[in-house]
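**Student:** This note's numbering puts the first residue of the sequence shown at 14, with every later residue one more than the last.
By construction, these hints were calculated from the structure, which means they are not laboratory data.
Hints should not be assumed to be uniformly reliable.
When the alpha-carbon atoms are kept at most 20 Å apart in a straight line, the in silico SDA-like pairs for lysine to any residue are as follows [claimed, not checked]: (1) LYS28 with ILE65; (2) LYS380 with ALA416; (3) LYS222 with LYS136; (4) LYS215 with HIS18; (5) LYS222 with GLU361; (6) LYS55 with GLY219; (7) LYS35 with LEU52; (8) LYS113 with SER249; (9) LYS215 with GLN160; (10) LYS136 with ILE171; (11) LYS136 with ASP343; (12) LYS418 with ASP438; (13) LYS215 with LEU52; (14) LYS114 with VAL86; (15) LYS55 with HIS283; (16) LYS35 with LYS428; (17) LYS136 with ASN352; (18) LYS100 with ARG331; (19) LYS187 with ASP248; (20) LYS418 with GLU385; (21) LYS113 with VAL86; (22) LYS215 with ASP83; (23) LYS55 with GLY116; (24) LYS418 with GLN431; (25) LYS182 with LEU172; (26) LYS418 with ASN46; (27) LYS113 with ASP233; (28) LYS354 with THR220; (29) LYS428 with LYS380; (30) LYS82 with ASP118; (31) LYS26 with LYS48; (32) LYS418 with ILE374.
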Amino acid sequence: MQYYHSVTLDVDKCKGCTNCIKGCPTEAIRVRNGKARILENKCIDCGECIRICPNSAKYASSDSLDKLKDYKVKVALPAPSFFGQFKEDTSIRSVLSALKKMGFDEVSEVPYAAEEISIAIRKYIDTHTDIRPLISSSCPAVLRLVQVRFPELIRNIILIKAPVEIAAKRAKEKISHVYGVPEADIGAFFISPCPAKVTAVKQPIGTDKSDVDGVLSIADIYGEVLKNLGEEEYDSVLPNSSGIGIGWGRSGGENLAIGGDNHLAVDGIHNCIQVLEEVEMGKLNDIDYIECQACVGGCIGGALTVENHFIARVKIRRLAEKIGLKSNVDEKEVMQKYNNKYYHLKKEILPKPSMKLDDDIEKAIQKMELLEKTLKELPGLDCGSCGSPNCRALAEDIVMGEANKTDCVFILRDKVKQLAAEMFDMARKLPPTLETDDKGGD
Numbered sequence: 014m015q016y017y018h019s020v021t022l023d024v025d026k027c028k029g030c031t032n033c034i035k036g037c038p039t040e041a042i043r044v045r046n047g048k049a050r051i052l053e054n055k056c057i058d059c060g061e062c063i064r065i066c067p068n069s070a071k072y073a074s075s076d077s078l079d080k081l082k083d084y085k086v087k088v089a090l091p092a093p094s095f096f097g098q099f100k101e102d103t104s105i106r107s108v109l110s111a112l113k114k115m116g117f118d119e120v121s122e123v124p125y126a127a128e129e130i131s132i133a134i135r136k137y138i139d140t141h142t143d144i145r146p147l148i149s150s151s152c153p154a155v156l157r158l159v160q161v162r163f164p165e166l167i168r169n170i171i172l173i174k175a176p177v178e179i180a181a182k183r184a185k186e187k188i189s190h191v192y193g194v195p196e197a198d199i200g201a202f203f204i205s206p207c208p209a210k211v212t213a214v215k216q217p218i219g220t221d222k223s224d225v226d227g228v229l230s231i232a233d234i235y236g237e238v239l240k241n242l243g244e245e246e247y248d249s250v251l252p253n254s255s256g257i258g259i260g261w262g263r264s265g266g267e268n269l270a271i272g273g274d275n276h277l278a279v280d281g282i283h284n285c286i287q288v289l290e291e292v293e294m295g296k297l298n299d300i301d302y303i304e305c306q307a308c309v310g311g312c313i314g315g316a317l318t319v320e321n322h323f324i325a326r327v328k329i330r331r332l333a334e335k336i337g338l339k340s341n342v343d344e345k346e347v348m349q350k351y352n353n354k355y356y357h358l359k360k361e362i363l364p365k366p367s368m369k370l371d372d373d374i375e376k377a378i379q380k381m382e383l384l385e386k387t388l389k390e391l392p393g394l395d396c397g398s399c400g401s402p403n404c405r406a407l408a409e410d411i412v413m414g415e416a417n418k419t420d421c422v423f424i425l426r427d428k429v430k431q432l433a434a435e436m437f438d439m440a441r442k443l444p445p446t447l448e449t450d451d452k453g454g455d
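Could you build the full structure based on these sequences and the hints that come with them?
**Tutor:** This is the structure we're talking about:
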């Protein structure tokens with residue numbers, strides 16, 4: 014299977030420092046021949062390597078504003094976290110107005126779609142009582158993490174679309190009706206806080222094709238938005254969100270919007286892994302719902318944002334309180350759409366076999382036995398000097414023919430020491446014709 018990845022490596026900038034291999038949550042990076050290499054079947058595009066790399070050798074590829082020219086009607090889809098990137102006295106209307114000045118004809122607020130999704134999730138939780146805990150599907154990095162590392166938990170993921178997909182779908186339906194243009198001529202562009210959401214559009218999970226036509230990085234367009242801030246003149250055929258939807262931009266905001274007191278909110282990819290491990294062991298079956306966000310602080314901590322996530326969290330909270338926590342969404346309409354599967358994923362979520370040693374089960378068992386044997390021969394220091402993130406990963410690489418045992422500096426040192434001793438003994442040895450018999454003789 015061919016995988017698309019937003020996270021990209023700039024080989025020229027990479028110095029092979031091994032920082033990234035230690036921080037990657039799925040062990041998807043190796044350093045070989047002095048350069049990092051991303052394993053596409055393991056990468057979940059979480060962006061951890063982008064944050065960690067001191068040489069800026071990792072970056073997220075996304076679309077540019079030039080792509081707007083491909084469509085007659087251009088629609089911006091700002092994420093909830095986008096509104097936490099500006100000064101506290103910057104109103105939502107001012108930001109929306111700035112987007113229209115940049116060339117967008119309409120703005121479909123993703124926070125409003127998040128309010129719809131919150132109602133749909135609440136209904137999903139109430140009607141799927143046989144599975145606990147249910148896991149949020151809103152963070153694509155977590156979705157891919159489950160596919161790669163926790164395939165047994167795929168059944169726990171709620172089969173509800175991400176808010177941005179609903180924002181794009183609803184916008185196209187409304188604009189097509191009001192403007193009198195076919196949906197194919199309407200381009201919906203998501204303003205994303207992280208690379209995983211770029212990948213979710215380019216290679217969606219649970220559907221054949223995304224309703225989003227392009228993804229713009231918050232960091233890439235932030236400067237242009239700042240230039241156009243000021244006036245608050247804004248008019249749109251699309252509805253406005255409330256503080257409930259805006260709150261989705263931070264960790265815990267999704268649970269707040271859904272309601273219920275038996276939910277758990279986790280942020281940070283490594284924290285998510287710890288919680289998912291507990292779910293896998295059956296320790297959290299008494300929890301109804303888990304909101305998992307790969308980025309620390311939630312989407313406000315995304316690798317493509319510009320504001321410190323601690324500051325952005327406060328801004329999001331205050332902004333939500335300022336505009337009010339009363340939703341403008343018609344709950345009866347949402348329930349009608351829910352019953353018609355409007356918010357549901359169309360396809361089954363499948364595991365990504367990143368840990369498969371071989372397609373042949375018998376050979377896979379043999380390789381696993383060899384892997385365990387090889388692992389016992391390694392020092393177990395997990396230093397990363399070999400270019401693999403830890404000793405177990407190196408053992409796997411050796412079994413798969415991607416590395417050698419002597420890539421371990423400690424084994425290499427012992428090997429050199431052994432060879433040196435053998436060479437020393439050989440250097441002292443004389444040919445038989447020159448050897449003397451110390452025992453003497455007649």
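**Student:** Each of the hints needs a verdict: does it hold here or not?
**Tutor:** Tested hints:
1. LYS28 with ILE65: holds, 13 Å
2. LYS380 with ALA416: Answer holds: LYS380 to ALA416 is near 14 Å, not above 20 Å.
3. LYS222 with LYS136: violated, 25 Å
4. LYS215 with HIS18: Satisfied, since the Cα-Cα distance of roughly 9 Å is no more than 20 Å.
5. LYS222 with GLU361: Status holds; Cα separation ~14 Å.
6. LYS55 with GLY219: holds, 19 Å
7. LYS35 with LEU52: Within the cut-off at roughly 14 Å; holds.
8. LYS113 with SER249: holds, 10 Å
9. LYS215 with GLN160: This hinted pair holds, its Cα atoms lying about 17 Å apart.
10. LYS136 with ILE171: holds, 11 Å
11. LYS136 with ASP343: Holds - the C-alpha atoms of ASP343 and LYS136 are around 14 Å apart, at most 20 Å.
12. LYS418 with ASP438: violated, 25 Å
13. LYS215 with LEU52: holds, 18 Å
14. LYS114 with VAL86: OK: LYS114 and VAL86 at ~14 Å, within 20 Å.
15. LYS55 with HIS283: holds, 15 Å
16. LYS35 with LYS428: violated, 26 Å
17. LYS136 with ASN352: holds, 10 Å
18. LYS100 with ARG331: Measuring from Cα to Cα gives roughly 11 Å; hence the hint holds.
19. LYS187 with ASP248: Given pair LYS187, ASP248 holds - Cα atoms ~15 Å apart, limit 20 Å.
20. LYS418 with GLU385: holds, 13 Å
21. LYS113 with VAL86: holds, 12 Å
22. LYS215 with ASP83: With Cα atoms ~17 Å apart, LYS215 and ASP83 stay inside 20 Å; holds.
23. LYS55 with GLY116: With a Cα-Cα distance of about 38 Å, the restraint between LYS55 and GLY116 is violated, given a limit of 20 Å.
24. LYS418 with GLN431: holds, 15 Å
25. LYS182 with LEU172: Holds, at about 17 Å.
26. LYS418 with ASN46: Between LYS418 and ASN46 the Cα gap is close to 16 Å, so the pair holds against 20 Å.
27. LYS113 with ASP233: OK: LYS113 and ASP233 at ~17 Å, within 20 Å.
28. LYS354 with THR220: holds, 13 Å
29. LYS428 with LYS380: Answer violated: LYS428 to LYS380 is near 24 Å, above 20 Å.
30. LYS82 with ASP118: Between LYS82 and ASP118 the Cα gap is close to 12 Å, so the pair holds against 20 Å.
31. LYS26 with LYS48: holds, 9 Å
32. LYS418 with ILE374: Not OK: LYS418 and ILE374 at ~25 Å, beyond 20 Å, violated.
In summary, the numbered hints that this structure violates are 3, 12, 16, 23, 29 and 32.
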